[in-house]
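Chemist: Read off the chains here:
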Amino acid sequence: MIIEEISLALQKGKANDVKALVQQALAEGYTPKDILEKGLIQGMNVIGGKFKRNEVFVPEVLVAARAMNAGQEILRPVLVKSGIKPIGKAVICTVQGDLHDIGKNLVKMMLEGQAIACVDLGVDVPAEKVIAAIKEHEPDLLCLSALLTTTMIMQKEIIEAVNKAGLRNRVKIMVGGAPVTEKFALEIKADGYAPDAASAAELAVQLIGEMHV
Amino acid sequence: MFKNIEHYKPDLEKTMCMLGKLYADAARRRGGNVTFRALPPSDVEFYSTFDLTKYNYESDINEYAEDLSRLLAESFELRREVDDIMVPTISPVLGIGDYSAFVAGEIDFRKDTSWSKPVFENIDDWKRIPPLGTSKWYRWFLEICEAMLEISSGSGIPFMRGFFSPLDLAGALRGDMIYYDFYDEPEKLHDLLAFCADATIMFAEDIYALARKYLKDTKYGMYYLDGKINMSEDIACMISGKTYREFARPHTQRVINHFGEGHMHTHSRSLYLVKEICSMDGVVNLWLPTDPNAPRPIDHLEELIEDADGVCLAIDIDDFSEIENNLEILKKGNFSLTLPVKDIEEAKALTERFNLLEGI
Numbered sequence: 001m002i003i004e005e006i007s008l009a010l011q012k013g014k015a016n017d018v019k020a021l022v023q024q025a026l027a028e029g030y031t032p033k034d035i036l037e038k039g040l041i042q043g044m045n046v047i048g049g050k051f052k053r054n055e056v057f058v059p060e061v062l063v064a065a066r067a068m069n070a071g072q073e074i075l076r077p078v079l080v081k082s083g084i085k086p087i088g089k090a091v092i093c094t095v096q097g098d099l100h101d102i103g104k105n106l107v108k109m110m111l112e113g114q115a116i117a118c119v120d121l122g123v124d125v126p127a128e129k130v131i132a133a134i135k136e137h138e139p140d141l142l143c144l145s146a147l148l149t150t151t152m153i154m155q156k157e158i159i160e161a162v163n164k165a166g167l168r169n170r171v172k173i174m175v176g177g178a179p180v181t182e183k184f185a186l187e188i189k190a191d192g193y194a195p196d197a198a199s200a201a202e203l204a205v206q207l208i209g210e211m212h213v
Numbered sequence: 001m002f003k004n005i006e007h008y009k010p011d012l013e014k015t016m017c018m019l020g021k022l023y024a025d026a027a028r029r030r031g032g033n034v035t036f037r038a039l040p041p042s043d044v045e046f047y048s049t050f051d052l053t054k055y056n057y058e059s060d061i062n063e064y065a066e067d068l069s070r071l072l073a074e075s076f077e078l079r080r081e082v083d084d085i086m087v088p089t090i091s092p093v094l095g096i097g098d099y100s101a102f103v104a105g106e107i108d109f110r111k112d113t114s115w116s117k118p119v120f121e122n123i124d125d126w127k128r129i130p131p132l133g134t135s136k137w138y139r140w141f142l143e144i145c146e147a148m149l150e151i152s153s154g155s156g157i158p159f160m161r162g163f164f165s166p167l168d169l170a171g172a173l174r175g176d177m178i179y180y181d182f183y184d185e186p187e188k189l190h191d192l193l194a195f196c197a198d199a200t201i202m203f204a205e206d207i208y209a210l211a212r213k214y215l216k217d218t219k220y221g222m223y224y225l226d227g228k229i230n231m232s233e234d235i236a237c238m239i240s241g242k243t244y245r246e247f248a249r250p251h252t253q254r255v256i257n258h259f260g261e262g263h264m265h266t267h268s269r270s271l272y273l274v275k276e277i278c279s280m281d282g283v284v285n286l287w288l289p290t291d292p293n294a295p296r297p298i299d300h301l302e303e304l305i306e307d308a309d310g311v312c313l314a315i316d317i318d319d320f321s322e323i324e325n326n327l328e329i330l331k332k333g334n335f336s337l338t339l340p341v342k343d344i345e346e347a348k349a350l351t352e353r354f355n356l357l358e359g360i
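Each protein sequence line maps, in turn, to chains A and B. Heads up, the final residue of the first sequence is numbered 213 in the working numbering, and it's a clean run with no missing numbers. Heads up, the final residue of the second sequence is numbered 360 in the working numbering, and it's a clean run with no missing numbers.
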């Protein structure tokens with residue numbers, strides 16, 4: 001079945017194949033919703049699960065995500081036409097003082113793999129830029145990444161700044177990164193923490209669900 | 001500024017003898033060595049107090065070297081009565097940016113570390129950079145080493161410098177694009193990694209030659225350099241054992257072969273790579289610090305001993321009881337155990353306690 005082929009090609013990171021298969025599926029009359037959910041998202045879910053279990057690693061996730069994007073490029077205009085929207089929106093960044101972006105990029109790709117639109121502010125992002133982005137983009141989620149013990153403290157400062165700006169009730173905040181623990185996330189009053197990118201995407205879906213209840 | 005090494009390490013001969021046996025046994029793949037390092041805050045505090053943004057590295061190299069040497073000397077002085085395996089070493093501290101800027105690119109200095117930005121937009125950009133050895137940071141780094149060697153000359157304190165592995169160097173120069181290169185440009189990635197291995201060999205040889213000029217007449221000054229190479233395998237934590245074997249290992253092995261002994265570093269995030277790294281010819285030591293949210297090596301001793309096959313594993317522990325509870329298992333392999341302690345007094349007390357353990 002072509003939907004399964006889309007999922008398998010995505011898992012192998014075959015971007016050109018995914019693109020062609022999505023086009024073929026549309027031509028054969030499959031709904032864009034089915035192609036997205038049962039093909040692309042399902043494929044990314046498989047990759048996410050394997051990533052959590054150390055069965056695949058960063059290069060495999062990145063090429064799979066690239067294949068997902070290739071499929072989404074074909075689907076996007078059709079989805080817009082059919083009125084299918086992303087399930088939510090996230091603003092994501094690596095905090096000030098930290099220039100690592102691989103963790104943040106992986107989470108972003110996994111979120112997009114769950115049909116969550118992402119506004120990527122990049123790395124070394126100060127609190128004021130985060131506040132401005134929340135006001136401008138009105139996201140459901142704010143995702144803060146830090147790879148160093150010396151920069152994870154900025155996650156706390158940004159959460160405090162969001163509080164101070166009166167925006168805390170408008171956005172759920174997730175924190176992550178190699179040195180970040182669940183205990184730390186609780187201490188700094190984040191709404192969620194995930195140990196890896198795939199779990200972050202699952203948590204994001206859950207938090208967005210809570211936002212929209 | 002520095003006193004003689006035997007002032008900082010009164011038991012130097014005994015310690016060097018233990019290290020010699022440890023690495024010789026590791027080279028023969030024979031276990032039985034367990035060593036201990038206490039880690040008081042004073043061993044590492046200077047990394048956060050030494051402000052890397054304070055210096056113009058074109059004109060302030062002597063000031064930089066004097067400031068860093070003063071901090072190092074203070075740190076060595078504080079732990080002189082700690083009878084553990086740690087030997088004072090002189091090493092430049094420039095964050096992490098300099099680990100690739102000697103090839104190309106700039107260093108972005110922050111207070112307590114530094115960064116480098118990827119400079120190879122295309123995978124074969126290494127063919128288009130000026131010849132190795134001509135970059136500004138190559139020259140400045142050697143000048144920094146020389147300034148520190150001059151200050152410490154006569155003390156006999158060993159000089160020390162670690163390097164990125166070819167994969168880490170390629171990762172720093174290429175950025176995250178390297179993860180796609182494994183799939184998109186495997187042949188060209190091998191070419192880039194070969195270039196990175198050549199660059200590391202050349203840079204290390206130049207640093208070693210400089211150090212030899214100042215330390216050749218000392219007993220242990222070249223201990224961590226002659227016949228050795230110290231390299232990180234950090235990017236390896238992001239890839240599978242299979243990918244490591246296919247891409248990274250041949251190039252890392254070539255660098256080790258050039259020098260003799262490999263003293264390696266990766267993270268507990270990648271315990272699955274211990275076997276890959278330790279099975280390379282010449283590897284005698286693998287520093288395997290524990291990452292948050294990752295397995296603790298001390299909890300996986302049996303499998304690590306098997307995977308390391310005699311290579312010394314330098315691992316962290318959280319409590320002294322972990323040594324006592326695992327002593328018999330630890331003795332089956334080679335281990336260097338590091339325990340953070342609250343102060344020098346605790347460092348002394350726990351080192352004494354360790355030195356009394358049976359069969360150590």
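Among the clues, some could well be false.
To be verified - Taking beta-carbon pairs under 7 Å as the criterion, some of the chain B residues facing chain A (in silico):
id, residue
1, 115
2, 179
3, 205
4, 239
5, 287
6, 291
7, 292
Said to hold, decoys possible - Stretch by stretch, here's where chain B covers chain A in the computed footprint (C-beta under 8 Å, at least three residues):
id, stretch
8, 48–57
9, 89–101
10, 130–142
11, 176–183
No wet-lab data here; the hints were simulated from the structure. For every residue, glycine included, the Cβ atom is placed at its ideal position computed from N, Cα and C.
Chemist: Compare the structure with each hint and give your call.
Modeler: Status of the hints after comparison with the structure:
1. 115: With a closest approach of 5 Å, the residue 115 of chain B hint holds.
2. 179: OK, holds: residue 179 of chain B within 7 Å of chain A, min 4 Å.
3. 205: violated, 30 Å
4. 239: holds, 5 Å
5. 287: For residue 287 of chain B, the interface hint is violated, since the closest Cβ of chain A sits about 17 Å away, which is over 7 Å.
6. 291: Check passed: Cβ of residue 291 of chain B comes within 6 Å of chain A, closer than 7 Å.
7. 292: Residue 292 of chain B check passes; min Cβ-Cβ to chain A is 5 Å, inside 7 Å.
8. 48–57: Satisfied; 3 residues make the cut.
9. 89–101: holds (count 3)
10. 130–142: With 0 residues close enough to chain B, the hint is violated.
11. 176–183: As far as the stretch 176–183 of chain A goes, the hint holds, because 4 residues have Cβ atoms under 8 Å from chain B.
Hints 3, 5 and 10 from the earlier list are contradicted by this structure; the remaining hints agree with it.
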